[in-house]
Amino acid sequence: MTLFSGFSWIRHGLLLLGVILVGLVVFCAVAASIIAPYSPFDLDVTLMLQAPSAEHWLGTDELGRDVLSRTIYAAQISVEVALVAVGVGVIGGTVIGVLAAYFGGFVDIILMRLMELLFSFPAILLAIVLMASLGTSILNAMIAIGIIFIPGFARLARATTIEAMQQQYIEAARAIGMSHLRILVREILPNVVTPLLVEAAVAFAYAVLLESALSFLGLGAQPPDPSWGNMLNTGRGFMAQAPWLSIVPGMALFLCVLGFNLLGDGLRDMLDPHLRD
Amino acid sequence: MSQPKQPFDGLTLDIKHLSIAFQTRQGSVTVVDDISLNIGKGEIVGVIGESGSGKTIASLAVLGMLPRGARVLEGTVHLSGDSLLDQPESYQRAIRGDRVALIPQDALRALNPTLQVGLQVGEPLTLHRGISWTTARKKAVELLRSVELRDPEQRADEYPHQFSGGMQQRAMIAMGLSTEPELLIADEPTTALDVTVQAQVLDLLRNIRDTHGTSILFITHDLGVVATLCDRVYVMYSGAIVEEGPVEQIFSNPSHPYTRGLLDATPRVHGTLTGLKPIPGQIPLPDARPVGCRFSDRCAFAGAECRQTPPAVTVQEGHVAYCVKALELELEA
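First to last, the sequence lines map onto chains A and B.
Under our numbering, the first residue of the first sequence carries the number 133, and numbering increases by one thereafter.
Under our numbering, the first residue of the second sequence carries the number 28, and numbering increases by one thereafter.
Hint data in this document are derived by calculation from the structure and do not stem from the laboratory.
Glycine included, C-beta positions come from ideal geometry on N, C-alpha and C.
Among the hints, erroneous ones may be present.
Okay, the calculated beta carbon distance ranges per label pair [as the list claims (entries may be wrong)]:
| # | chain 1 | residue 1 | chain 2 | residue 2 | range |
| --- | --- | --- | --- | --- | --- |
| 1 | B | Gln50 | A | Ser252 | 30 to 36 Å |
| 2 | A | Ile223 | B | Thr238 | 46 to 52 Å |
| 3 | B | Pro338 | A | Phe238 | 31 to 37 Å |
| 4 | B | Gly319 | A | Phe251 | 55 to 61 Å |
| 5 | B | Leu312 | A | Gly237 | 22 to 28 Å |
| 6 | B | Glu116 | A | Phe251 | 32 to 38 Å |
| 7 | B | Thr141 | A | Asp174 | 51 to 57 Å |
| 8 | A | Ser252 | B | Arg52 | 44 to 50 Å |
The whole structure should be built from the sequences, with the hints applied where relevant.
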């Protein structure tokens with residue numbers, strides 16, 4: 133494959149790190165029930181707020197639940213939310229952006245002004261407003277975060293579509309009698325996919341962060357379901373006695389976001405012909 | 028379907044009094060002005076003109092693919108008797124790529140870089156004949172063989188960038204031929220090719236006409252290509268036809284000063300370079316054409332009578348020049 137010819141993991145060390153971190157998070161999410169040493173829900177007040185030990189590697193929380201197990205299970209929620217939210221964003225944004233670019237004129241103006249309207253709100257504020265109107269649940273958090281992503285993907289899809297449409301093969305496709313839909317799907321979409329893929333990796337990081345923020349505020353994952361966000365919120369109250377309650381989910385969040393960002397940046401470098409030598 | 032039909036007179040393409048204008052902020056600008064053009068069955072007709080003479084826009088009108096902002100003001104276009112203008116998009120879509128095929132100038136850019144050539148060549152068949160992809164691919168191999176591409180079986184699975192320029196153009200022609208259209212519109216198909224490859228492609232087009240009876244509208248600015256390939260030729264200047272007639276007539280007896288200018292500006296094997304005479308000035312913008320004959324401001328023979336709309340002067344049977352001095356000039360030559 134030409135895309136990967138001359139590719140070396142050494143030159144793309146940061147991409148490798150990103151892949152490892154993301155792989156770790158995804159592995160935790162998928163295999164949570166196998167690798168977690170305890171159930172994330174088992175209460176044992178006799179064990180509450182224990183410091184890390186051989187039995188509980190990362191200690192226990194205020195209800196005696198194993199912090200390591202809860203952190204592993206929280207990855208499940210984070211990955212799930214990020215997947216659905218980015219999916220909503222990519223699909224919604226692509227449809228809107230491609231349609232706006234392809235039909236242009238009035239359609240373009242209406243759709244893109246709508247996107248700018250969404251863009252004009254700070255993301256977290258918009259998420260809170262959406263959550264307030266949709267009600268607090270993890271599903272609504274996914275939808276709210278997804279909606280926040282739509283304008284960004286729409287702009288990117290629109291720009292790449294406009295570029296692709298100037299190609300002569302689009303005119304050639306019309307000249308053999310292809311319908312609009314067929315041209316969009318067959319001729320334009322393949323050009324739009326690559327840049328969207330890169331953007332999606334970065335959006336993933338942001339989705340994890342937003343989900344944690346919402347859960348921290350009590351709007352996302354509801355207790356007793358573990359989420360790095362609500363674990364951080366609980367840990368806040370025990371900062372002096374049990375710092376591991378905050379440090380562990382904080383570190384998990386940090387590594388996960390770092391991983392997705394490195395992956396996104398690495399993909400961008402790898403796929404950008406200007407940065408390839 | 029109740030399509031306006033005119034009695035079929037054997038003409039594959041019949042354009043009558045076609046005018047096309049672009050709507051701009053400054054108002055309407057006429058880019059194609061009252062042109063009439065026809066192509067008989069199995070005829071190869073050249074349309075020659077400089078960039079901006081309106082030849083490509085006129086061909087896009089036939090395909091129903093005018094760019095945004097362009098509008099047909101008046102005139103009719105008939106394909107074997109069926110009206111093509113003022114038809115719903117679905118009707119035009121059914122015609123495009125089935126009964127009329129376009130062979131574009133730059134084949135590489137007209138092929139989608141992300142799709143295998145075989146799939147693209149067979150695509151019109153899946154669109155218009157409803158056949159499956161597998162059958163279309165098999166047909167594509169045959170088509171590629173018919174345009175004399177070597178190893179068509181293997182080539183069908185390759186991507187456009189693996190093809191040379193001549194091979195890409197052959198693939199485009201194969202795609203155009205797939206549905207055995209009545210009319211091929213070739214928009215400068217050889218301009219981007221080497222001279223030797225160009226000759227092969229012209230040969231191929233002539234063969235296609237001879238074997239399938241396909242009519243070909245050949246758009247070009249290259250007089251040499253017209254001379255070798257076409258039966259008849261229309262010379263366009265600034266949106267209008269200035270001279271039309273059989274190729275031998277036009278070349279041996281150019282009766283419009285512009286046609287003559289074009290011939291004088293074309294290098295020939297036996298001529299000397301000092302004999303080359305460029306036409307002074309440049310093609311006027313559509314909104315700044317001179318009154319009367321639009322070539323008058325560049326014409327060495329222009330006089331007061333050229334301020335009138337030029338009459339159609341029949342030089343010989345089938346050879347018409349739109350110049351008030353056509354017969355005078357002929358005598359002079």
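Verification of the hints:
Taking 30 to 36 Å as the suggested C-beta distance range, the pair B:Gln50 and A:Ser252 conforms, at roughly 34 Å. Restraint check, A:Ile223 to B:Thr238: a C-beta distance of roughly 49 Å satisfies the suggested window 46 to 52 Å. For B:Pro338 and A:Phe238, the Cβ-Cβ distance of about 46 Å falls outside the hinted range of 31 to 37 Å, so the restraint is violated. In this structure the supplied range 55 to 61 Å holds for B:Gly319 paired with A:Phe251, their Cβ-Cβ distance being about 56 Å.
Under the hint 22 to 28 Å, the C-beta atoms of B:Leu312 and A:Gly237, about 26 Å apart, fit the expected range. Range check, B:Glu116 to A:Phe251: Cβ separation about 34 Å, and the 32 to 38 Å hint holds. Roughly 53 Å separates the CB atoms of B:Thr141 and A:Asp174, a value that falls within the hinted 51 to 57 Å. The supplied range of 44 to 50 Å is broken by A:Ser252 and B:Arg52, whose beta-carbon atoms lie about 31 Å from each other.
Going through the hint list in order, the structure does not satisfy hints 3 and 8.
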